[in-house]
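In order, the protein sequences belong to chains A and B.
All residue numbers for the first sequence refer to this note's numbering, where the first residue is 3 and numbers rise by one.
All residue numbers for the second sequence refer to this note's numbering, where the first residue is 3 and numbers rise by one.
Since the hints were made in silico from the structure, they are not lab data.
Among the hints, erroneous ones may be present.
Since copy identity is lost for identical chains, a pair holds within one copy or between any two.
Claimed, not checked - Here are the simulated DSSO-like cross-link-like pairs (lysine-lysine), alpha carbons at most 27 Å apart as the crow flies:
id : residue 1 : residue 2
1  : K155      : K42
2  : K217      : K120
3  : K155      : K90
4  : K166      : K42
5  : K125      : K90
6  : K155      : K120
7  : K131      : K90
The structure displayed is predicted, hence computed values, not measured ones.
Listed below are the residues making up each chain.
Number of protein chains: 2
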Amino acid sequence: MANRSQLQRLTITPSQCQGVQIRLTSDQEHYLLRVLRLGKGDRFIALLAEVGEAWIAQITDEGAMLSQPLEGNRELPVALSLMVALPKGNGFEEIVRCCTELGVVEFIPVISDRTLLKPSPQKVTRWRKIAQEAAEQSERIVIPTLWDPLPLKAALTPLDLNSKLGYWALARGADQHLMHHLIHNTPSESIPEIILATGPEGGWTASEVAQAREKGFQVISLGERILRAVTAPIVAASLLAAWYEQGKQP
Amino acid sequence: MANRSQLQRLTITPSQCQGVQIRLTSDQEHYLLRVLRLGKGDRFIALLAEVGEAWIAQITDEGAMLSQPLEGNRELPVALSLMVALPKGNGFEEIVRCCTELGVVEFIPVISDRTLLKPSPQKVTRWRKIAQEAAEQSERIVIPTLWDPLPLKAALTPLDLNSKLGYWALARGADQHLMHHLIHNTPSESIPEIILATGPEGGWTASEVAQAREKGFQVISLGERILRAVTAPIVAASLLAAWYEQGKQP
Numbered sequence: 003m004a005n006r007s008q009l010q011r012l013t014i015t016p017s018q019c020q021g022v023q024i025r026l027t028s029d030q031e032h033y034l035l036r037v038l039r040l041g042k043g044d045r046f047i048a049l050l051a052e053v054g055e056a057w058i059a060q061i062t063d064e065g066a067m068l069s070q071p072l073e074g075n076r077e078l079p080v081a082l083s084l085m086v087a088l089p090k091g092n093g094f095e096e097i098v099r100c101c102t103e104l105g106v107v108e109f110i111p112v113i114s115d116r117t118l119l120k121p122s123p124q125k126v127t128r129w130r131k132i133a134q135e136a137a138e139q140s141e142r143i144v145i146p147t148l149w150d151p152l153p154l155k156a157a158l159t160p161l162d163l164n165s166k167l168g169y170w171a172l173a174r175g176a177d178q179h180l181m182h183h184l185i186h187n188t189p190s191e192s193i194p195e196i197i198l199a200t201g202p203e204g205g206w207t208a209s210e211v212a213q214a215r216e217k218g219f220q221v222i223s224l225g226e227r228i229l230r231a232v233t234a235p236i237v238a239a240s241l242l243a244a245w246y247e248q249g250k251q252p
Numbered sequence: 003m004a005n006r007s008q009l010q011r012l013t014i015t016p017s018q019c020q021g022v023q024i025r026l027t028s029d030q031e032h033y034l035l036r037v038l039r040l041g042k043g044d045r046f047i048a049l050l051a052e053v054g055e056a057w058i059a060q061i062t063d064e065g066a067m068l069s070q071p072l073e074g075n076r077e078l079p080v081a082l083s084l085m086v087a088l089p090k091g092n093g094f095e096e097i098v099r100c101c102t103e104l105g106v107v108e109f110i111p112v113i114s115d116r117t118l119l120k121p122s123p124q125k126v127t128r129w130r131k132i133a134q135e136a137a138e139q140s141e142r143i144v145i146p147t148l149w150d151p152l153p154l155k156a157a158l159t160p161l162d163l164n165s166k167l168g169y170w171a172l173a174r175g176a177d178q179h180l181m182h183h184l185i186h187n188t189p190s191e192s193i194p195e196i197i198l199a200t201g202p203e204g205g206w207t208a209s210e211v212a213q214a215r216e217k218g219f220q221v222i223s224l225g226e227r228i229l230r231a232v233t234a235p236i237v238a239a240s241l242l243a244a245w246y247e248q249g250k251q252p
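So that you can see chain A by itself, here it is in the shape it has in the complex (with noise of 0.2 Å):
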């Protein structure tokens, strides 16, 4: 791992943070001991996503240490996730492709009501290599996480809106343009992550929408046309990453 060009990486906060020293918390030092299986001195990228800064860091007896700022950083300023309910067939490998080129950072693949795909694990092994050589081809230096399928219920549940924005595409509704509500209600610099979510074919139950809207998620549409369950994340991740990275520019 530590001799890859590529590495894992992690999101923490500037609380966390003492000069060089980061204090991890124990989801953290589980995810990169156990899940990665990191020991001491090897790094993985940590990833400032509320200051806008990316740092290679390294696995030390009291945790980890901020080593130096990644070079060529191609980062968005903002952590990205996707929640998608699987689609049919392949789809999700284009969805994979597509959106890692895009700068998502995690990809959180969820069954839903109307997802009709059992996904093997050669299927998930096969996906993380595809978000890994899309990361390669589009030379990005971070590799998405892809986590396991999970059900819709298991990803909502642990998940925190106070400290992330969430968004939850719905097609066929009355709901704002993803772009609308970008331009019009521009979130507070200080969110440092976005999940958002797109459904099945056939899309998301009502139930699931009510579920969404209780969890705190914006609902909002994705155009006027009904988009495949392929193309919808691709172009919510196509929106997001202009609308965050647009800035940087001259």
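Could you slot chain B onto chain A? The hints should help.
Chain B in isolation, oriented as in the chain A frame:
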């Protein structure tokens, strides 16, 4: 053709209309009567993009006439054309499918200096079939026009950027993001047509970019990361469609 639920579309300007009568240009007459082989009484869609209207029109002895406003109009308020340097393999199929969903009305596949694909007539037929199917699935009434592939120079020569707004996507440049350009230099409301060009794998050559600038294209970036030739037109169409459509939402 007249019985099909989907009709071909033609962009006309308000100045061509006198009451319900349409004075066709000789190019338009050629297109309707010779290329599409329509006859008296046959219907097509007259897109008055300049005033955001779409009508069912009918061929008459004298030219054509507006018959009735299009119901359930899901078309964009601008006529969006894509000029795409053909990507390798089947990549253009994905572009046609997604961008038809996004509301594109015209595809101009071009052979640029670095284009590797030499498309067969069968391929072109297949692309048109995909455009038709995608228009149906996304519940559009307009089927996008798909040109026969042609050399870039041949596509650029007749282009008049006095009446169209032209964007030219370039990777690895220091150009403004398309989104930045849209927000800060909002084009005049009177621009009825937009043409956006994206390059092949390996990008445009310097000479092609020079030709584009000379022609009057605005060179723009689609973000910090390197997008595949397949992803770039989908991202660009997402941004343009959202920008021009969001004003229609509540």
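Against the structure, the hints come out as follows:
no.: 1; hint: K155 to K42; result: neither (36 Å within a copy, 58 Å between copies)
no.: 2; hint: K217 to K120; result: within (26 Å within a copy, 51 Å between copies)
no.: 3; hint: K155 to K90; result: within (20 Å within a copy, 41 Å between copies)
no.: 4; hint: K166 to K42; result: neither (30 Å within a copy, 59 Å between copies)
no.: 5; hint: K125 to K90; result: both (13 Å within a copy, 25 Å between copies)
no.: 6; hint: K155 to K120; result: within (16 Å within a copy, 49 Å between copies)
no.: 7; hint: K131 to K90; result: both (19 Å within a copy, 21 Å between copies)
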